[in-house]
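*Asks:* First to last, the sequence lines map onto chains A and B.
Number 78 in numbering that gives the first Met the number 0 belongs to position 79 of the first sequence; there are no gaps in the numbering.
Number 82 in numbering that gives the first Met the number 0 belongs to position 83 of the second sequence; there are no gaps in the numbering.
Just so you know, not all the hints are guaranteed correct.
Identical chains blur together in the list; that is why a pair holds if it fits in one copy or across any two.
[Said to hold, decoys possible] Taking lysine to aspartate or glutamate pairs in the EDC-like style, the calculated list, with each CA pair at most 16 Å apart, reads:
#	residue 1	residue 2
1	Lys-29	Glu-402
2	Lys-263	Asp-370
3	Lys-307	Glu-148
It is worth saying that the hints were derived from the structure and are not from the lab.
2 protein chains.
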Amino acid sequence: MGNPSILGDVLALAMLPSDSIPTVPRGLAKLSLFDWLVVGKAGSTEPVSRIVSDFIMEEGGEPQSSVFGLPLKLPARAAAMANGTISHALDYDDTHFAHVGHLSVGIMPAALAVGEAVNASGTSVLEAFIIGAEAACRIGITFGRQHYEAGFHQTATAGAFGATIAAGRLMGLSSVEMQMALGIVSTRASGLKSQFGTMGKPFNAGIAASNGVEAVKLASRGFISSDDGLSGPQGFIQTHSHNPNYREAWIDAPPARFIFEDNKYKLHACCHGTHAMIEALLQELHERPFLPNDVMTLTLIVNPRWLKVCDIKVPRTGLEIKFSYTWLASMTLFGIDTSNDATYQDALCQAAHIVDFSSKITVISDPEVSDMQTKVIITMKDSGRRELFFDLAARIPEAVLAERLRKKASSLIGSEIAKHIWLMLSSVESLSARDIAALMNV
Amino acid sequence: MGNPSILGDVLALAMLPSDSIPTVPRGLAKLSLFDWLVVGKAGSTEPVSRIVSDFIMEEGGEPQSSVFGLPLKLPARAAAMANGTISHALDYDDTHFAHVGHLSVGIMPAALAVGEAVNASGTSVLEAFIIGAEAACRIGITFGRQHYEAGFHQTATAGAFGATIAAGRLMGLSSVEMQMALGIVSTRASGLKSQFGTMGKPFNAGIAASNGVEAVKLASRGFISSDDGLSGPQGFIQTHSHNPNYREAWIDAPPARFIFEDNKYKLHACCHGTHAMIEALLQELHERPFLPNDVMTLTLIVNPRWLKVCDIKVPRTGLEIKFSYTWLASMTLFGIDTSNDATYQDALCQAAHIVDFSSKITVISDPEVSDMQTKVIITMKDSGRRELFFDLAARIPEAVLAERLRKKASSLIGSEIAKHIWLMLSSVESLSARDIAALMNV
Chain A
0 MGNPSILGDV LALAMLPSDS IPTVPRGLAK LSLFDWLVVG KAGSTEPVSR
50 IVSDFIMEEG GEPQSSVFGL PLKLPARAAA MANGTISHAL DYDDTHFAHV
100 GHLSVGIMPA ALAVGEAVNA SGTSVLEAFI IGAEAACRIG ITFGRQHYEA
150 GFHQTATAGA FGATIAAGRL MGLSSVEMQM ALGIVSTRAS GLKSQFGTMG
200 KPFNAGIAAS NGVEAVKLAS RGFISSDDGL SGPQGFIQTH SHNPNYREAW
250 IDAPPARFIF EDNKYKLHAC CHGTHAMIEA LLQELHERPF LPNDVMTLTL
300 IVNPRWLKVC DIKVPRTGLE IKFSYTWLAS MTLFGIDTSN DATYQDALCQ
350 AAHIVDFSSK ITVISDPEVS DMQTKVIITM KDSGRRELFF DLAARIPEAV
400 LAERLRKKAS SLIGSEIAKH IWLMLSSVES LSARDIAALM NV
Chain B
0 MGNPSILGDV LALAMLPSDS IPTVPRGLAK LSLFDWLVVG KAGSTEPVSR
50 IVSDFIMEEG GEPQSSVFGL PLKLPARAAA MANGTISHAL DYDDTHFAHV
100 GHLSVGIMPA ALAVGEAVNA SGTSVLEAFI IGAEAACRIG ITFGRQHYEA
150 GFHQTATAGA FGATIAAGRL MGLSSVEMQM ALGIVSTRAS GLKSQFGTMG
200 KPFNAGIAAS NGVEAVKLAS RGFISSDDGL SGPQGFIQTH SHNPNYREAW
250 IDAPPARFIF EDNKYKLHAC CHGTHAMIEA LLQELHERPF LPNDVMTLTL
300 IVNPRWLKVC DIKVPRTGLE IKFSYTWLAS MTLFGIDTSN DATYQDALCQ
350 AAHIVDFSSK ITVISDPEVS DMQTKVIITM KDSGRRELFF DLAARIPEAV
400 LAERLRKKAS SLIGSEIAKH IWLMLSSVES LSARDIAALM NV
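Here chain A stands alone, though its shape is the one from the complex (with noise of 0.2 Å):
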């Protein structure tokens, strides 16, 4: 009959006071905005982008809070809706594993449009988010991958909890007040793992996003909700989890440690599933540099539930290349960009020496390999023979992995504007929410 103290928890989470945030969430969130913002600039030509976009347009309403890619501002939970769901329109925003989802696209949207609208500092956008993070992480995982496995899409449902938490801290909501809006958004949050493929994926996030702004929007005006909506009887883990050992699931808090620094950047335009392979190549190929020709098999083996996701062996599209281990492996080694979304073009398909290539790769899986690891076999026609390892789990150093984000932002948005935007964030204390809302469309 519920766990008084997952809400008392999540409730301390919300309320936590900033200076008891690290330093290492701190960097990472920084970088999870600049990420955020390069792939919310690059989406927001895609279709269900331009889709939504015309739809909070045709409603119109209070320039409060701004969008990818228009020339206006428009309401703040508009405005959320619509940015969640560009900024995922590529499907190339970052991941945490054990969340089960993808934390920006669903909490930064819904952060910054209230911020904006609020006036705050961007400093308070950043706490506001890593703390909506933090708090979708420990609700995904208190979820559960049963949640995943029976349907549901973690990055629109924790999201959504996510989302209502960092936006009720830029609204000041009071203790009570962000009970009543995890109980509103306990009734209004949702998203399914079957719009998988469609505009409906990012549309998920949008929803997360949307959904947190108008939880604390009402909360701030008296709202009174179910007083436990998210564990309490019949609330949202009871009806949504289907994980029956959710409460041994829960991670107290406040936290020791934040699971949020587990989050993951995506580095490549393709499937998550693939990048520790990518990863293991590209290492071996700095480290001990050989050429395609020198290959006579290459093996992977990968996590059982990828190769329903993204096994797929001889690709008929550039959106199917992004979930084809065998073109993706072939194409590292001939050193074609992965992560350049332009590279992933329908032509590459039929690109003779990556259809040469393949026919040389098995995948197989192993229950024993996590869904973040990657191992490699490599028979060379010299006979010598190569094992490689690559674990998504291993922190890459921030500067690595800042590096590494700049050259992605390079690469979609052009390195002017990406260095414009990184050179703006490197100096967020100085910056409100505004500065940091004029960036998206710089």
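Given chain A's structure and the hints, the job is docking chain B onto it.
*Replies:* Here is chain B on its own, set in the frame of chain A:
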């Protein structure tokens, strides 16, 4: 793995030519519209109504659709959210027991908001409502009582699909666009029963209406969603229904008979679970009059599920009286008007004659008695014994129903305005949606 025939049937129903709609549901829909306008007007000053209205006023936007109690128009989606919430604020709106929920408050606001925005005819608003309501009934039945028992609120969930279909007809969606709109709302529909007793309950109706308008507006712009978000793999039914026999529960469409015809109208401003009892007593008082003082004992026999809902033995507030068999039976015998919301004052909890009489009443349950039925056994001081019975499933003749709804309207919004609205709607065929919307604020 889903049942394509459910989606196919829903689409066939959604696209049903208007001339296939028979007379009975048309007559009832007109009563639904009248009753909805009345409870909406009466609910417009409730605290939750003010909160949601202030929220959408702060957002502002294009003047498309009217809102109860507001002097200006707002975007259709915002108006639908507010009007859904406002019209359910008193919980005095219609109920469909098989659907397990309230039809008008989720669907009418979507139909009228879009109808007003596109300048549709009054007749087409009613037709769209009938089709949306019929679809919501069938979808709610397919979700099953298991969905409700698991904690979901059909008014919000099945209601969102009905709202989508109603709004989609008025927007003139093609069949493919309607399919996409149903896919969008599949990832957006939500609403938990754990909000009951809070502002979240009426808000759930607003969510349904808002989600319907949103899905339709996005679909009309070319949004591509899951092909079968409702009944496909990991669609809404599989993730939310909790009814393992949902395929068998589906009633083939297009309809031989409109299930909407079983819609029930609240004639008393209290829990619907008490209405069969009140009707049984009123009928007996009318046919074989007696005085409270003639009664020695009074036994109520009800469906077990109501014991947890409306058997508060000693109510402490006017609101609790609405969920108290003992108080409501006593009030009925003493001739107190249970149809007037103003009756339910806190002071009535201390009224000596009611307190005294309540001690004569026993409430027992019997699973053989349906949740629409009540048996009453009265033992008289003269040793006489009376057995009463009422079944809400019994159809009240439309003319009688109309008369009683007009009486309810008079007590709720005053006889003059009630009469004006009634007269206007009596020639609904000559009205536009905008004429109807104007009645919200006469």
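*Asks:* If a hint holds in the structure, say so; if it doesn't, say that too.
*Replies:* Structure-based check of each hint:
no., hint, result
1, Lys-29 to Glu-402, "within (13 Å within a copy, 66 Å between copies)"
2, Lys-263 to Asp-370, "within (13 Å within a copy, 53 Å between copies)"
3, Lys-307 to Glu-148, "within (13 Å within a copy, 34 Å between copies)"
Taken one by one, the earlier hints all hold for this structure without exception.
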